[in-house]
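Mind docking chain B on chain A? Use the hints.
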Amino acid sequence: MFDLNRKDTICALATAFSPSAIAIIRVSGLDSAQIKTAIFKPKKQLQKDFVATLGDIVCPHSGETIDEGLCTFFPNKKSYTGEESFELSVHGAPVIIERILQALTEAGARLAQPGEFTLRAVLTGKLDLCAAEAVSDVIHAQSVKAAQTALKTLKGGLKKCLQPTREILVDILSELEARLDFPEEKLGEANQQVLSNKLERACACLNKLLQSAVLGRRLTQGARVVLYGEPNVGKSTLLNALVGEDRAIVHENAGTTRDVLEADFDIKGVPIKLVDVAGIRDERGLDPVEVIGINRAKTEFIKADVVVWMREHKSNNFDQENELSFIDDGDTDNLAPILSVVNKADLLGLQASLCDKQELISAKTGQGLNNLKQKIYELLVGGASDTGEVLLSKVRQKEEVQSAYAYIKIAQTALENHQPDEIVASELRQAGNCLDRLLGQKLSEDILEQIFSRFCVGK
Amino acid sequence: MLMDSLLQKSAQYDVLVVGGGHAGCEAALACARLGFRTLLITNSIERIAVLSCNPAIGGVGKGHLVKEIDALGGQMAKVADATGIHFKTLNASKGPAVRATRCQSDMELYRQTMLDTTLGTENLLLRQDDVTGVILDDLGQVASVNTRYGGEIFAQKVILTTGTFMNACLHLGNKTSPGGRFGEAPSDGLSGSLKDLGFKFGRLKTGTCPRLDARTIDFSACTEQTSEQPKPRFSFEKSEMQLKQISCWLTHTTEKTHQIIQNAIDDGLAPIYNGQIAGNGPRYCPSIEDKINRFASRGSHHIFLEPQGLNTYEIYPNGITTSLPPKIQLEFLRSIPGLGQVEVTRWGYAVEYDFIDPTQCLPSLETKKVGGLYLAGQINGTTGYEEAAMQGLLAGLNAARSLMGKKSIILGRHQAYAGVLIDDLVTKGTLEPYRMFTSRAEHRLILREDNVYERLSKIGFKSGLLNKKRFEAMCEFEAGVQKEIAWLKNTNLCPNEKVLSIFESMNSSSINKPIRLNELLKRPEITADKFLNLCTAACLSANENPQICYRAAIEIKYEGYIKRSQESIKREQTLEDAQIPATIFAKQLSGLSNEVFEKLRVIKPQTLGQAFRISGVTPAALGLLAVEIKKELYKNV
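Chains as they are written, first to last, in my numbering: chain A, 64 to 522; chain B, 82 to 718.
By construction, these hints were calculated from the structure, which means they are not laboratory data. Just to be clear, a hint being listed does not mean it is correct.
[Claimed, not checked] In silico lysine to aspartate or glutamate, EDC-like type, Cα no more than 16 Å apart, as pairs:
(1) B:Lys-175 to A:Glu-248
(2) B:Lys-509 to B:Glu-600
(3) B:Lys-651 to A:Asp-71
[Stated by the list, open to error] One side of the interface only, derived from the structure: several residues of chain A facing chain B at Cβ under 10 Å:
(4) Glu-240
(5) Leu-258
(6) Gln-482
(7) Pro-483
(8) Ile-486
[As the list claims (entries may be wrong)] Facing chain B, a subset of chain A residues (Cβ under 7 Å, in silico):
(9) Glu-485
(10) Ser-489
(11) Phe-515
(12) Cys-519
Quantities reported herein were computed from a predicted structural model and do not represent experimental measurements. Ideal placement from N, C-alpha and C gives every residue a C-beta, glycine not left out.
Bound-form chain A, shown alone:
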């Protein structure tokens, strides 16, 4: 629900989400002061309202510094929203912004819905007419983009991830609600063990989702970009070129790289672990160490966030399905996006003809590398959007999935403690509502529909 409790503190990026020198993050709500204390460590003790103070922005749990920036505090009734609030001016790298928003939610804030700051300002009577008209245009623009992004996110598999859990919830709720609303039907008690197992399954689904939440891993460990391909196509050369130092041994002998080599760098602030692996070739007759290396390479392929698949121009016709046959069960749905790259452009001359989807580069001369970086960046942060909605909505998704998980846990405890069914149901409904906020669905009607199709109820 659009939460407007004054106790509820919201945060959001106020500037555009794109690499920039400075970004402003805004926080508003009753807990603002407390949250500020948790995440902002001023250099000087003296802090005044309305005055920007220099300090470190830290993670509330680890205490680790995320960025250095300015913090301005606005007391109650004297801010944009009319609530107690503060603004952080930080460096504009997307990764920093994301980590700060993460830190704010850990400290007790919630990500604002589009337009929510304005809504609060209106409700507290703070916004004047001119401002209202101006922001109405902004919300409009935002909401159109947000809607487009939301559509993309849905297509991008969010629905696929959440639907099984939601189906379990609707299933359990219809079991419980049918018995609550139609006691005359003598449906018998719902089987506690079955319910409990189903809840366990729902928890497991969400937990898996949370564990694999790409976001968290990318933030803490960096995204894994794996350089993949046959021996001697120039993978190690590319690694060195991208990182800007000689990290990998480069030699004209095929099969030089045997073990997995990692190197850190970043693209526009997104931390990246570049992974160089052994070249893939027919294993027959190779020495055992190289075979182990090739197997590791395949493992890295599966773990990757983005695969840069390098070839020389001659291997133009490329049969991806055949080359991916090492993946178990042919389960290629969950694989990372693959960037097909043709190296050694310097040897090809300008007229080299390529497939549409291939990038032409030269690791040796640096040709096409900026373009390659841009492509990797787009694949990682969901390139089409520059509003930040993609990344922000990821944080929001995680938040909703986390609360859904928490509600299910409470429901589980209630069930184990033999609390009445309506209490279990009420927690599960809350969990369902969290998922529905992401999916844009309506739980109530679906539950009734299930009840009437599954149970023969009614006089």
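Just chain B now, kept in the frame of chain A:
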């Protein structure tokens, strides 16, 4: 203009209620009791407040509504208590929020008692006639109605509670005849008159079961269900009238029953399957044809044989609504245990009728199109006596308040099932006859039968319908509850031999030092009965009013969950409080999709909370609305 004011002055009545069902009775009583000259027009005075389907009041969600009617100062609860012949608390083994009272009333006595009440109410007149049209004044406000026999009747407010009678059509086998109830003519002109005024209509279907002659039933083949003792009740005070309590009987359909019905469907004899009936029936009230067709795997369905009264042989077989031809009805009935020789007194039938899309009403139940015209009951697409009565009560109350120049009473979804009911109707409309379920309420834990006086008696009293004496008694009850809660929180149970043996007997972990009563109550295995045993063993005396004990125990036992619910209500309150001036829907709102804007324009939500419940309204759309509200307010400064 002169003409208008003349008409206004010459209005014969303050309020005119059309229809004498459960909605009409509550509406008329509310207006009359608040001092307004009220005329109730019905096509049959003998049929006022008739229980035309099931002779039962209450049930899950519905019992809640009846108690709310009582706390607001309405009539239904009192009449049900006085005429009840079989009472039951449903969901007694489940949690406190879904426990619900249900009674079967003596149909004849119910009708008679309600008729006597209306006849004995000051300011309230009854007249038998048929209303054929609604007439407006030059300003588009309601002015009068046309009647078949008595000509034009003027009134300041008109409340329509015509039930299933508008453009109604009965189906019994292949026979179709116009009529709202068996043997009663439909009200034809009214539907057309309202269509001419531009109201949007829908068509619904509902049905009823055949009635049986008890003298031809072998009850020894059925399972007896006795009435509950002590008798639960709907109303705050115990009724002076106490009737003998009688049993109901349980039987079931057999394979043969299913075969007979299936064959009839296959032969094209079922009106709901052969295309004869087009209206939507309720999903939760399937006819026996529907049950057998859709749940073919079920070998048997329950049937409750419910006596219709103390002085009648008629039995209502709950569970077998049907519109099959009489011959087949009799055939399948006789395949049911106990009904081998049964005779039918009345045949089951289906009725199709017009209803008005309730999103055309404001939350006060006044129509948006025609000022002074209110709609309540089945005309709004609901089903059930309780749903109808509640709407009637609120429509009557709000019509009267409008005459007094006071603001409408609009209950929140967190305050009452009445609030859920009205908000659902005026915000979402309905595609099937709307019945209350507890699962429709997002704050179910707060909307309990036991705390109804805390929730609503103050509103009832302030509105003038709940009299001072009753209100004070309710307040006293609530004060008793608070005192009891304090006692539970401040009193220790000390272990003694008796106490310890009780702990052992109920498998609850023992105590070796004194324990606070409220802590004890929070243990899931400690039920109210066991708790009282423990108190007695420890020589502690709880309040002697068992209802006070019960209610205090619930507040303690579910304290944590209740608090969580209250917090979420608080969170939503800002949106519910944010009023939207209707004027903002008059212009194009940029930034909203056409679909969403069209919905908003039609429904004209009164608060941001209501707007958010309209499907398709996103948080961003809400933000835009908030800005528009602000602009509108500035414009008017």
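Going through the hints against the structure:
1. Straight-line distance between C-alpha atoms of B:Lys-175 and A:Glu-248 comes to about 15 Å, which keeps the hinted pair within the 16 Å bound.
2. Simply put, B:Lys-509 and B:Glu-600 have alpha-carbon atoms about 43 Å apart, too far for the 16 Å limit, and the pair is violated.
3. About 11 Å separates the Cα atoms of B:Lys-651 and A:Asp-71, which keeps this hinted pair within 16 Å; it holds.
4. A distance limit of 10 Å between C-beta atoms decides the matter here; for A:Glu-240 the minimum to chain B is near 5 Å, and the interface restraint holds.
5. This hint is violated: A:Leu-258 has a C-beta 15 Å from the nearest C-beta of chain B, more than the 10 Å allowed.
6. With its C-beta approaching chain B no nearer than about 6 Å, A:Gln-482 sits inside the 10 Å limit, and its interface hint holds.
7. Taking 10 Å as the C-beta cut-off, the interface hint given for A:Pro-483 holds, the closest approach to chain B being about 2 Å.
8. Because the beta carbon of A:Ile-486 sits about 5 Å from the nearest beta carbon in chain B, less than 10 Å, this interface hint is met.
9. Annotation: A:Glu-485 was flagged as interfacial toward chain B, and the flag holds, the nearest CB pair being 5 Å apart, inside 7 Å.
10. Hint status for A:Ser-489 relative to chain B: holds, with the closest Cβ pair at about 6 Å, below 7 Å.
11. A cut of 7 Å between beta carbons decides the hint on A:Phe-515: the least distance to chain B is about 4 Å, and the hint holds.
12. Residue-level restraint check for A:Cys-519 holds (minimum Cβ-Cβ distance to chain B is 4 Å; threshold 7 Å).
Taken one by one, the earlier hints fail for this structure at numbers 2, 5, listed in ascending order.
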